[in-house]
Structure formats: structure tokens, C-alpha cells
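Number of protein chains: 2
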Amino acid sequence: MSEFVQAPEQDVVVSCRVRLARNYEDLPFSAKQTRECASEVIDRASTAIGQSQEGNAYQLLRMSELEEDMRRKLVEHYLISYDLLKFWQRSAALISSGETVSVMLNEEDHLRIQGLMPGLQIERAAELAFSADDVLGAKYAFAFDPQWGYLTSCPTNVGTGMRASAMLHLPALSTSGQMGAVLQAVSKLGLTVRGLYGEGSEALGHLYQLSNQVTLGRSEEDVIRSLVAATEQIVGHERAVREHTEKKDMLSLQDTLLRSWGVAQNARLMSAKELMRRYSDIRYAASMGYLHAPLRGLDKLMMDLQPGSLGVYSGKLIGEREGEILRAKLLGEKLRELVTD
Amino acid sequence: MSEFVQAPEQDVVVSCRVRLARNYEDLPFSAKQTRECASEVIDRASTAIGQSQEGNAYQLLRMSELEEDMRRKLVEHYLISYDLLKFWQRSAALISSGETVSVMLNEEDHLRIQGLMPGLQIERAAELAFSADDVLGAKYAFAFDPQWGYLTSCPTNVGTGMRASAMLHLPALSTSGQMGAVLQAVSKLGLTVRGLYGEGSEALGHLYQLSNQVTLGRSEEDVIRSLVAATEQIVGHERAVREHTEKKDMLSLQDTLLRSWGVAQNARLMSAKELMRRYSDIRYAASMGYLHAPLRGLDKLMMDLQPGSLGVYSGKLIGEREGEILRAKLLGEKLRELVTD
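The listed protein sequences correspond, in order, to chains P and B.
According to our numbering, the first sequence holds residues 1 to 341 in order.
According to our numbering, the second sequence holds residues 342 to 682 in order.
A few of these clues could be false.
[Unchecked claim] Once the Cα atoms are required to be at most 27 Å apart in a straight line, the calculated DSSO-like pairs of lysine-lysine come out as:
id: 1; chain 1: P; residue 1: Lys329; chain 2: P; residue 2: Lys273
id: 2; chain 1: P; residue 1: Lys247; chain 2: B; residue 2: Lys670
id: 3; chain 1: B; residue 1: Lys641; chain 2: P; residue 2: Lys329
id: 4; chain 1: B; residue 1: Lys589; chain 2: P; residue 2: Lys316
I should point out that these hints are in silico values taken from the structure, not numbers from a laboratory.
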């Protein structure tokens, strides 16, 4: 996916994901899983994908064979979950070359099939996931109950086994203190919002993940439809606050955001935490047209400068200080490449 | 004076001044001065300068004829003192085209003759002042007592009537908390240090003025010699701390200073106070070779962006907010012109 290609609603929606939890009906579930059974899961999945049309485009990554930084990089690029690493001795992932499909193997469930798209393209992400689902479930059937639907390790996933989500960049809503209202509104729709990359009350980079809570009693189409509708509402709300902020005092807004652009180009030390702040300001500036930079390029740059990804780039384990130096250097270089005056 | 010409020790010494207090012996001193007598002072001085070799190069500015912003600009460029404006109805200034000599008329004394040079050139500044002194005192004698020397309105100036000063940029000494020690050391030499442009404990822009206190009992040469010696000591001290700071952690130093450079280029609003902070960081960075910018150009830019000077530039009275906008705009433009990568 080129960093210069525009995606729908990408001024607010960074990316979206649809993830399906699946388990082979004839193999014991995760809690009782043996090493042999874990191997069997990896064999079945990689064989099925390998024999499919897109087989060549996939790469099998066994977590036990990866360096620590490479594992972290996969998490930082949303290709695997942090939980997959808990089971690193037996877990693996199948990842498509375009990084739009990834299949986690031996996480909480045998398979976690994930479709990933930039911007607001949840239906397309779902298509990708269901298409991989068809391939993976063709030879060996998945545990499925006519009444309950797909059976999963954790009861909260039983039913569709589907978790759909949108990653949202909400600088205007969050700096104007309106995230509380958003949270309340979406919870009534069976959706949840949580900050990404952050622990405290404010999400790092003003990035939030909106996802469905319910997997039981509603069809996949229904869940996706309501997630898309809620996302569109939040997008509209975020845009309205951005416009209002601009209208109220454009120069102050530009001043704040473009200072970050100046700092990001000239800093010699950049912590991972500060990176998120600068990224958010620059992305916001670019989406308002104050800077000419491709948003996808900024998103990719932000992921590439996370600690694990930086370690992979440098080809060796690096300390925090080395990381800050390298991050600042690459950030300046890449921004100058990305931004056109 | 071109902004690209280097001056001695200009990495630390911004400029130096020698100022002579003089009064015509046959006219009443300031406290008893009438309007007619004030006119007479202006006539005598402007006629004397006008008939001298460099006469054409001087401009007579009557304070009563200047807009408020123009008066402030003259103060901001160190061409007149703030005190001259207290007597604006009767005061004036003769200013040389290169702005290296200015003669204040009807300040506290009839004449305050000032020589001004970039960098550490106190002797040269003194030559300029004494040369103008000769011209101005040729026809009408100055009040002079064989025992006491030149007589002045305020007894603290009696004797040589001379105040010599150096304006120093001391970012390393002040941020490392060593200004207290410097102050103590110079006070033993009959010198004094005070912050410029600032009220609090830390001088705005880390600019300090070092000057002599004593005008009585020491010759002009002696005072200048000791001021030069003290300045050279402080210059050495400041450079040592800069080198030490760089040696200890060059990247942190570069990071701090170059962030200001990034901010200064990209800000859309810039207060007069923040300007001084950014100026100091950028000047420090340039003097360390982290940026390639002529120091004189930076100094001139700093003065040109002071509130009064900005008002003169814009050709009309501007409010604080307008000033912040214009300052940010000009700062960005000029810095891009001045700095070569």
C-alpha cells in the first residue's frame, strides 16, 4: 500500500481491522493445548494458505525464531497482538505481503484472522478476513454450534468470533475535552473506545480504537454496519470541532501544530512518547492543509519509529538513548522527504 | 555595518559602547534648563557636527517630532537611552549613518556622546566618542574643573564623565547558574553587570551589560583597560562553560538549541519575550557552529523585531497580537535568508 494513496476519511480514520477468532473442532482448545497440537495448527494453516491463490504472498513467522525487536515491530505495526507473544514458544503468524491480512496462530484461539485496511474501509477489511477464513476452514472444520455460532476460548468471543475496529485520530475532540461524551455515546451502541499506546486518561498521539463489544446475537453485517455508522458520526464530530477550532483562532492552531513540525525536523533526541505528540500535531496540520504531507506516510513513519521497529532498522539491540538519537535523525530525514512545501 | 562582517569575540560580545557626559559651561545644567537653553544646546551641537568632516553623515532627530514607535525603536537599537524620552519635549539626538555614533541632547546632561561598535572593540568605540567630543567641544567649552574633571548633572558621573560598557551574550554561564560568581568577581574591579531587556533574576536573551561604575580618580585609558580585561576574562569563562557543556553532552545541547531554530522558523505567533529566548538559543547554536548564520545578522534581527521597531516597520500602530503575528512572520522569513545549511 503506497504511502501516497489516499484512503476514505483518512483525515480522521487511520485504519480499520476485522478480526475473526476460529478454532479447529477436532483439536483441544488453547487451555489444554499440547506442543504437538500447536504444531498441527501451524501446519494446517500454513498449508491451507500456501495452497491458496495468494499463497506465495504470505510469510510464516514463528515467534520462537524472531528476535525480540522483530516481535515488537509486528505488534507496533498491528500485525500481531501483544498476547501472541505470551505464547511465543508455540505461536506464529502468517502475514500477507501487503500487510493487509495476518493470521495469528496459537494465540488465545487456534486462529485469529485479521483483515487490515487504511482509512474507513471496514467492509473491505471484513472481506479480506472472511476470504482468508474460507481458505483456512476449507479442509478442517472450525468449531461451530448451530445455536451459539463459532466457539472460542473465551466466552466473550463466542458467536461471530468477530471484533471489528477503527483506529481514529481525534486531536480536536480530545484536546477540547469531549472524549467523555464520545465514550458515553458509543457505549450505548455496544461499542467501546480506548486509547492506543497510552495508559493515562489521554491517549498518546490522540489515537483511539473504536470496536464492537458484542459478538453474540447480532450478525456480522449488523455489527459492521453499526461500527461504520458510529465511526462516521465520530468523524463528523471531530471534523466539526477542527473547523470550529480553526474558525475561532486559526493562527493559534497553526502556531501550535507547526511548531511541532519545526521541532520534529530539528530535534536531535526524540523519545517514543514525544514522537506521538509530534506525530499527532503534524498529522492534524497535514489534514487541515497547513502542511502538504501524505497522511499514510506519516502513519507509517510513526509506526516505523516505535522502539522495536527502530531496533529492527538498526539491525542490533539499541538502548533508550541510542533509540532517541536514531528516532530524531530518521524523523527529520523522513519528514523532509514526505513534506512538500 | 554589514551583518556578515565578523567582529572580534562576537561569539560572546554582542557590542560595546563608550558614552561621555558633557555640559556646556555657559548654560545652566539640566535641572534649571529652560526651553530656550535646550534649543541652544541642540543648535550648538548640530551646527558643530554639521560643519565637521562627517557632518553629512549625521541626522538630527527631535524627539517631539517622532512617533512613539520610532522613539522606542531608537531605544531598542541602543541609539538613545530610555531616559532621553522623559524629556521628549526638549530632547533630540544626532545619529551617524552607520549608527556607530549617537549624541543625545538634553538628556540628564546637555550632551551624551556615544560610540558604538559590534564585538569587543571598546577602544575603537572610545575613539569614535572622543572624536565627536572634540568636534562638539571645539567652539563652546564644556564645564570642566581642574581638580574634579568634567562636571555633570549627577555627581556619579563627575570626573571622566565616561561610562564604557560591553553587551555580553552569556547563555552557558547563566543556564549553568554561574552568573552570581561572575557578578561578585567583577564588582571587585569596580565594574557592574546587569541584565538587559529583563527584570527578573535571569536576563532576557541571556544578554548582560558589563560597565564601569567609577568615573572619578581613574583615567579613561585605565577604565577602558580594566573593562577590556574583565570582558576578556568573562569571554574566556563563557567559552569554557560552552565547551564543557558540549563535551558533556553535545547532542542534548544541539537538541535544545536546534529545537528553538525549528520553532522560530515555524511559529505563527511570537511574543517579544519568547523572541529573546529563541534568539539566544539560535545565537548560541550559530556560535557553536551548529548552524551557519552570521551573528551580527541575528543581533540586528533581534533588535528589528522589538515592539517599537516592528511598529516602525509596519508603518502604523499595531496591537500586541498583530505584533506577535508580524514578528513570527518576519522571524521565519529572515532566518531562512540568514541561515545557510
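Hints that the structure is at odds with (numbers, increasing):
Violated hint (a single one): 3; every other hint is consistent with the structure.
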